[in-house]
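Two chains, each in its own frame: build the complex with the hints.
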Amino acid sequence: MIVIVDYGFGNKINLSSALDKIKVDHLISSKKKDIENCSHLILPGVGAFKTTINCLKKKKLLNTIKDIAKKKPVLGICLGMQLLFDYSVENGKTKGLGLLKGSVKKFDFKNKEIKIPNIGWNKVMTIKKNKIFSNINKMDEFYFVHSYYIKTKEKKVIMSNSKYGDLSFASVINKKNIYGCQFHPERSRNQGLIFLKNFCKI
Amino acid sequence: MKNRIIARLDIKSLNLIKGIHLEGLKIIGDPIKYAEKYFKDNIDEIVIIDSVATLYNRKPNLELLKKITKDIFCPITIGGGIRSLGDAISILDCGCDKIAINTAAVNNPKLITELAKTIGSQSVVLSIQAKRRHGWWELFTDNGREKKGIDVMEWIKRVNDLGAGEILLTSIDQEGTRDGFDIDLINQATMISQCPIICSGGMGKLEHIKEVNLNTECKAFAIADFFHIQNNKVRKIKNFLLDK
Numbered sequence: 480m481i482v483i484v485d486y487g488f489g490n491k492i493n494l495s496s497a498l499d500k501i502k503v504d505h506l507i508s509s510k511k512k513d514i515e516n517c518s519h520l521i522l523p524g525v526g527a528f529k530t531t532i533n534c535l536k537k538k539k540l541l542n543t544i545k546d547i548a549k550k551k552p553v554l555g556i557c558l559g560m561q562l563l564f565d566y567s568v569e570n571g572k573t574k575g576l577g578l579l580k581g582s583v584k585k586f587d588f589k590n591k592e593i594k595i596p597n598i599g600w601n602k603v604m605t606i607k608k609n610k611i612f613s614n615i616n617k618m619d620e621f622y623f624v625h626s627y628y629i630k631t632k633e634k635k636v637i638m639s640n641s642k643y644g645d646l647s648f649a650s651v652i653n654k655k656n657i658y659g660c661q662f663h664p665e666r667s668r669n670q671g672l673i674f675l676k677n678f679c680k681i
Numbered sequence: 101m102k103n104r105i106i107a108r109l110d111i112k113s114l115n116l117i118k119g120i121h122l123e124g125l126k127i128i129g130d131p132i133k134y135a136e137k138y139f140k141d142n143i144d145e146i147v148i149i150d151s152v153a154t155l156y157n158r159k160p161n162l163e164l165l166k167k168i169t170k171d172i173f174c175p176i177t178i179g180g181g182i183r184s185l186g187d188a189i190s191i192l193d194c195g196c197d198k199i200a201i202n203t204a205a206v207n208n209p210k211l212i213t214e215l216a217k218t219i220g221s222q223s224v225v226l227s228i229q230a231k232r233r234h235g236w237w238e239l240f241t242d243n244g245r246e247k248k249g250i251d252v253m254e255w256i257k258r259v260n261d262l263g264a265g266e267i268l269l270t271s272i273d274q275e276g277t278r279d280g281f282d283i284d285l286i287n288q289a290t291m292i293s294q295c296p297i298i299c300s301g302g303m304g305k306l307e308h309i310k311e312v313n314l315n316t317e318c319k320a321f322a323i324a325d326f327f328h329i330q331n332n333k334v335r336k337i338k339n340f341l342l343d344k
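Residue numbers (my numbering), protein chains in the order written: chain A, 480 to 681; chain B, 101 to 344.
No lab work stands behind these hints: they were computed from the structure. Values in this document were obtained by computation on a predicted structure and should not be read as measured data. We put the beta carbon where it would ideally sit given N, CA and C, even for glycine. Treat the hints with care, since some could be wrong.
Unchecked claim - Coverage of chain A stretches by chain B, computed from C-beta distances (three or more under 8 Å per stretch; other residues unrestricted):
#, stretch
1, 501 to 513
2, 525 to 532
3, 624 to 633
Chain B with its partners taken away, still in its complex shape (with noise of 0.2 Å):
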């Protein structure tokens, strides 16, 4: 199976940014135009976060997300601030393929049942964000500022029960470092999930997508300071998969 690469856009009001360890948010810039780059680029998809969206209780805004997908023609998930059917389908609404969620399946997990019963399962995206502790990853929500006791492994397979389609794993301590993705983390996971991993936190060089390729059985990638800050073409890792 071929690898996915997909730019990872986390949004705060109109701004693209990014943070380390998903702190200290630094503005990037316009997402509209973001976007548009890599697609023109052949990303193979796009995930785009509203952050802080559910930090403040706020609803994700619309118009923007409808500005960022309306010429974009390949895959697209959006998540944040989404706590019922309704906004999933509001958001699916502003031209995307797949929502994720987080806060709110961890506060009530019927709500992945009852999304992929109507959506399907194929469009419920979990967004997980795991921290490293003593043989563990702990589960947290809220972008990384509420931790939650639970085990993320025993939350992964939870959320396969209940029908979650796709599973997009962060790092919290990898995240923004640029020293490589969380291997332990990500081999785990998808050792355990029955649907698809995409891993996050901690692109830094074209090595590190090697480093997972060769210990993991994950094949799908999110990556945001790679592309936003490094400026690197999305064309420069295709072509580092070919040549392997």
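Next up, chain A with everything else stripped away, as it sits in the complex (with noise of 0.2 Å):
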């Protein structure tokens, strides 16, 4: 069974209803035990980096999680995949996961006429062939909403790059069995569901 982290708050109902699109059988849930027992892990985005960390810890998950990336599929979701890698300055410095190295740094441009947050539907550049992308065109849009985004030195996890204003940042990472996308796949069409469902599949 595929499990979707439930933090308590965020956009875990309309994960939910995109996998119910798919046919794909589902739990949301914040238990230790179907967490142990998934199959493939999702977190999903949508809110704030510390806090969500802070609930992590809170329900005893975070070690749960590390060990769940050893072994099983993992896809963290925009802030899910955020939480993923080192550390994050949103609301101040907080330790991340850990399991990607790198860290979550917030937009700033020079030129004020770019807003913050990235909000819209952008492309999304491939630079390696991975079965996450099966059955997407390159012309697909996806749908992405974030103020922060990935700084990694280990620039082999990078699947694919998208840009907001003149800066390249990475849109899908991927290191053995774990998977992130800055975008929100839920939310984006008919080319989301296909990604969803090339996660599912793995």
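Below you can see the structure in the form of structure tokens.
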């Protein structure tokens, strides 16, 4: 069973509707046991970094998630992807899960005409072949809404980049069984549903 | 950056409604069907405002909202009647991505920060209703009924500092008139605001979007009448923008 981690807030419901749509059995849960028994784990987006990490800490799930990430497919969406890295600067420096090397930085443009957050539909420019992109057309656009982005020296985990202003940032990452996307596949029409389907098939 | 075309659905009880200057509300139809139609027609986003929830001190109709969002896989913002973090979370649980607040934020600006800290500022949309005065715009709440004596530009600066992720800026003067957007309002707001502005009120023909693009940095348009009553396709706007 695929488990969507429940932080107690966020947009887990529309992720659940998307999985319903592609007919994938799943469970929304914050119970240790459910997470330990999952086939795939999804860390949803929408939320603030610090509050979410504190919530996982309180529920004593940090180590459970780290253990799962060693053996089962994990997908972090937006904030969920950011949680996978070492730390974020959102609302003060906060340690993440540390499954991937790198940090989460805030957009900062000299040109103040570029607004923050980045909100809207953007292309995903793949730089490496990956089964997570199966049946996705390179012209397809995905929906982004974020003020923070991943900065990593470990370039090999970056599967695709996307652009905002003059900045190119990682939009899909993968290392072994760990996946992450900065966009919201559950909000990205049919191409988003295909992306989720690809993950569920891993 | 590309334009974002957003369908704005104001609802009252179980109906999609539309007014002029936010008044004289007319029933249009079933919001579930309209939302579905726009999603299928490739709308970029949908904004749903329960326009009178605050006014009658009512909670938003969660069951209806769940039905609207169920089969829609594009971003959805929901507003109206949200007064607390708890309200915001229950609205997100209806399957939406962002919540819009207006009256509650004016009465208690700290709520903006509280929301941003938990659900993330990218999910906090400030709905701002502006009425043109001599040389300034006055802030209104309660669906254009309560004037606040606050300068809209000052309020925009303040909500940016407090953690708003986006601003849905409605011109009460232009709303429902089909006379075009309030360019001065949008231009000033976009210059002041760090976060994106969605302009709302006045869309009557395709050229009105062009006018905003030529004179301001605003890239997001909340459109109601042009879709619901004039029956225009989303595609029509997108093709027009491509041809430009």
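Tell me whether the statement that chain B covers the stretch 525 to 532 of chain A is true, taking a Cβ distance below 8 Å and needing three residues at minimum.
holds (count 5)
Given as covered by chain B, does the stretch 501 to 513 of chain A meet the bar of three residues or more with CB within less than 8 Å?
violated (count 0)
Per-stretch coverage check for the stretch 624 to 633 of chain A, three Cβ contacts closer than 8 Å to chain B
holds (count 3)
The structure fails hint 1 only (numbered hints given earlier).
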